[in-house]
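Please construct the entire structure, taking both the sequences and the accompanying hints into account.
Listed below are the residues making up each chain.
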Amino acid sequence: MTSYCNWKAKAPYGNVIKLIRKPCAPNWASVSLESTGKLLSMSNMQAWDAGRAQARIRELEHLPGALLPILHALQEEFGYIDPQATPMIAGALNLSRAEVHGVISFYHDFRHHPPGRHVLRICRAESCQSMGCDALVQHVEKRAGVKLGETTPDGSLTVEQVFCLGNCALSPAVMLDGQPFGRVSPSIADFLIDSAQRPQ
Amino acid sequence: MTVKVYVPRDSAALSVGAEGVARAIASEASSRGIEITLVRNGSRGLFWLEPLVEVETSQGRIAYGPVSREAVAGLFDAGFLDGKAHALFLGPTEEIPYLKQQERLTFARCGIVDPLSLSDYVAHGGYRGLQRALSLAQEDIVAEVTNSGLRGRGGAGFPTGIKWKTVLGASSDQKYICCNADEGDSGTYADRMIMEGDPFVLIEGMTIAAIAVGATQGYIYCRSEYPHAFRTMQRAIDIAREGGYLGANVAGSGKRFDLDVRLGAGAYICGEETSMLESLEGRRGQIRPKPPLPALEGLFGKPTVVNNLITLATVPIVMDKGADYYRDFGVGRSRGTLTIQLAGNIKHGGLVETAFGITLHDAIYKFGGGTSTGRPLRAVQVGGPLGAYFPASFLDTPLDYEAFAARKGMLGHGGIVAFDDSVDLAKQARFAMEFCAVESCGKCTPCRVGSTRGVEVIDRIIANENRTKNLELLDDLCELMTDGSLCALGGLIPLPVMSAIRHFPEDFDKPAPAPPTLIHPDVLKSNRETHPWR
Numbered sequence: 001m002t003s004y005c006n007w008k009a010k011a012p013y014g015n016v017i018k019l020i021r022k023p024c025a026p027n028w029a030s031v032s033l034e035s036t037g038k039l040l041s042m043s044n045m046q047a048w049d050a051g052r053a054q055a056r057i058r059e060l061e062h063l064p065g066a067l068l069p070i071l072h073a074l075q076e077e078f079g080y081i082d083p084q085a086t087p088m089i090a091g092a093l094n095l096s097r098a099e100v101h102g103v104i105s106f107y108h109d110f111r112h113h114p115p116g117r118h119v120l121r122i123c124r125a126e127s128c129q130s131m132g133c134d135a136l137v138q139h140v141e142k143r144a145g146v147k148l149g150e151t152t153p154d155g156s157l158t159v160e161q162v163f164c165l166g167n168c169a170l171s172p173a174v175m176l177d178g179q180p181f182g183r184v185s186p187s188i189a190d191f192l193i194d195s196a197q198r199p200q
Numbered sequence: 001m002t003v004k005v006y007v008p009r010d011s012a013a014l015s016v017g018a019e020g021v022a023r024a025i026a027s028e029a030s031s032r033g034i035e036i037t038l039v040r041n042g043s044r045g046l047f048w049l050e051p052l053v054e055v056e057t058s059q060g061r062i063a064y065g066p067v068s069r070e071a072v073a074g075l076f077d078a079g080f081l082d083g084k085a086h087a088l089f090l091g092p093t094e095e096i097p098y099l100k101q102q103e104r105l106t107f108a109r110c111g112i113v114d115p116l117s118l119s120d121y122v123a124h125g126g127y128r129g130l131q132r133a134l135s136l137a138q139e140d141i142v143a144e145v146t147n148s149g150l151r152g153r154g155g156a157g158f159p160t161g162i163k164w165k166t167v168l169g170a171s172s173d174q175k176y177i178c179c180n181a182d183e184g185d186s187g188t189y190a191d192r193m194i195m196e197g198d199p200f201v202l203i204e205g206m207t208i209a210a211i212a213v214g215a216t217q218g219y220i221y222c223r224s225e226y227p228h229a230f231r232t233m234q235r236a237i238d239i240a241r242e243g244g245y246l247g248a249n250v251a252g253s254g255k256r257f258d259l260d261v262r263l264g265a266g267a268y269i270c271g272e273e274t275s276m277l278e279s280l281e282g283r284r285g286q287i288r289p290k291p292p293l294p295a296l297e298g299l300f301g302k303p304t305v306v307n308n309l310i311t312l313a314t315v316p317i318v319m320d321k322g323a324d325y326y327r328d329f330g331v332g333r334s335r336g337t338l339t340i341q342l343a344g345n346i347k348h349g350g351l352v353e354t355a356f357g358i359t360l361h362d363a364i365y366k367f368g369g370g371t372s373t374g375r376p377l378r379a380v381q382v383g384g385p386l387g388a389y390f391p392a393s394f395l396d397t398p399l400d401y402e403a404f405a406a407r408k409g410m411l412g413h414g415g416i417v418a419f420d421d422s423v424d425l426a427k428q429a430r431f432a433m434e435f436c437a438v439e440s441c442g443k444c445t446p447c448r449v450g451s452t453r454g455v456e457v458i459d460r461i462i463a464n465e466n467r468t469k470n471l472e473l474l475d476d477l478c479e480l481m482t483d484g485s486l487c488a489l490g491g492l493i494p495l496p497v498m499s500a501i502r503h504f505p506e507d508f509d510k511p512a513p514a515p516p517t518l519i520h521p522d523v524l525k526s527n528r529e530t531h532p533w534r
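Here the protein sequences line up with chains A and B, keeping their order. Taking our numbering, the leading residue of the first sequence gets 1, the next gets one more, and so forth. Taking our numbering, the leading residue of the second sequence gets 1, the next gets one more, and so forth.
In short, the hints are calculated from the structure, not lab data. We put the CB at the ideal spot given by N, CA and C, even for glycine. Do not take every clue at face value.
[Stated by the list, open to error] Among chain B residues calculated to face chain A with C-beta under 8 Å, some are:
no., residue
1, Ala12
2, Ser15
3, Val16
4, Gly187
5, Thr188
6, Ala418
Given below as structure tokens:
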């Protein structure tokens, strides 16, 4: 189990920092799963409901350039964009269904199928590559028993790739349900996967 | 008076447990009957020390870090509320050399103030730039920005004042200000830090831009990978509106300006300005050919200022302190400060804001402390996925736009990703092409098709098929992509690919790796032994 290791700092800090800790993996016990955000949190995800979708579309259709805000709202509500939403949005925004479909399929964020109850996004960009994210991805795939982009058979966890979470000074980085984790060691990844797969 | 304790709410700090630390401090204080004021500030940008807890004492702010939840009780026992010694004691925050050796202008308040307190912002010099701007004529604001030498911090380095002048000169019933906060480059996080740590500086910068060019509506295009930044920005806009700094009567001037923050959806190409405008309008993020320039026909076909977040967040200090003050920092044609972001395999990763001109070596060793793994540094990629890979012999390159261009590199948004000697540059070159293939918007053929063909050619080079011929072919393909692509994605992806080949030829000259096989090699071998005819 990796933990902070005490480590004597050398210059350039002179006498200011007497003792700083080696920047290795944080003690995962101090990392908890308190939800800090709602945006990508899967906990309040609803099953597809056309009436509810129509209401969310109506709330936002007046915005200039409303399509992306609507798609985000639907994905926040249901975890994915149901195919039935396409004609509803097209009607509300006076677009063709092809145009709406084109936008949904263009952006990596929008899912076409419901995700698991939790979503683990692993950064695979250059900064995280320099800190071994490829090995981390392999480890996670093995531990969770799924490939990137797949959901575990029990529906508890979807593992996705992402290109940069903006946590590049603490690579490798992941995000679980919108909550960021940095300097992710295999043991932290195990902790996150186990937490997500715990029966509710 | 209660003691003020600062625990960052920056998402990088949260990623190593700042939330748990904040809760532990609050509960420990209440169980000991001590009254404290817990401020959730942004990050100072010393990420290897996060969670960095600060305490306000009579000697100024004293830092402790990295603090874990388990260390909190010990900190109370040691008397950290009075700035007493402890194993995690770092001394006065401002005296930590990493911070002391910087010149923080854009990030002057980040990590110091409560990001969602308007009064805190104003108390730390906020909105002075806007007040001055409101006393000037529109042409004079633009002239001030032009004279400051401020150039677009997104990567292209186009002079900001010139862009504003074009928009000011355009006549239209509606103009827009768009902030590009689609910070997709790996190794960069400065935009995120501002949105989470000092959002009002961006709001002020955009307001000044709006007053200067006569725009009434602004949009911030924030990437969806930054949920915390998005929420902080939304709340800051509401607070600024309630405080009278946005809306129909900005700061009592009678001028109108309002702001909205929009979420991207995971498309790297939307960091390109025309593609971002398409996305804001609700379409596929496909780039638009230029001309027309967005300054004349931008969002919804109206004249639009599109600036990078750091550019806009720098405008308030330029207006506050004057063009001369800002221009005095920097070298050559790169004036002012650069926000360097140290990332990847680096010991002391973090934000370094300093005048243009420090060398790559100083950034990586004086500030960054070398690689995190302790192995020798082999390659550095500056400027995100479209930036060149530099070998260790290029570390004398000064960080300024022209010096990087002269070495066929790109400064980009100032992100520096360090790699130790375990890196395989052939793999990195392949990744660059693959990334381009995945992220290409599909508008132009050189990028859409060229990137896929590029991956195939690199695969053949790695597999040692006609290596010399395929290297020639790749060179030819890269030249075509550079000259023929409509935007910087296809146009610059040859930079990382060709720089890897140029500076690390040994990685492209290795024996071909064993082809992947579904049958275990031992089984194959035993098959061969038992069935010699196979």
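Structure-based check of all given hints:
Interface hint at Ala12 of chain B: satisfied, since its Cβ lies 5 Å from the closest Cβ of chain A, which is below the 8 Å cut-off. Of the supplied interface hints, the one on Ser15 of chain B holds, with its beta-carbon coming within about 4 Å of a beta-carbon of chain A, less than 8 Å. Annotation: interface hint on Val16 of chain B holds; nearest CB of chain A at approximately 5 Å, less than 8 Å. The restraint placing Gly187 of chain B at the interface with chain A holds, with a minimum CB-CB distance near 5 Å, inside the 8 Å limit.
At about 7 Å, the closest approach between the beta carbon of Thr188 of chain B and any beta carbon in chain A falls short of 8 Å, and the interface hint on this residue holds. Interface restraint check for Ala418 of chain B: the shortest CB-CB distance to chain A comes to about 7 Å, inside 8 Å, so the restraint holds.
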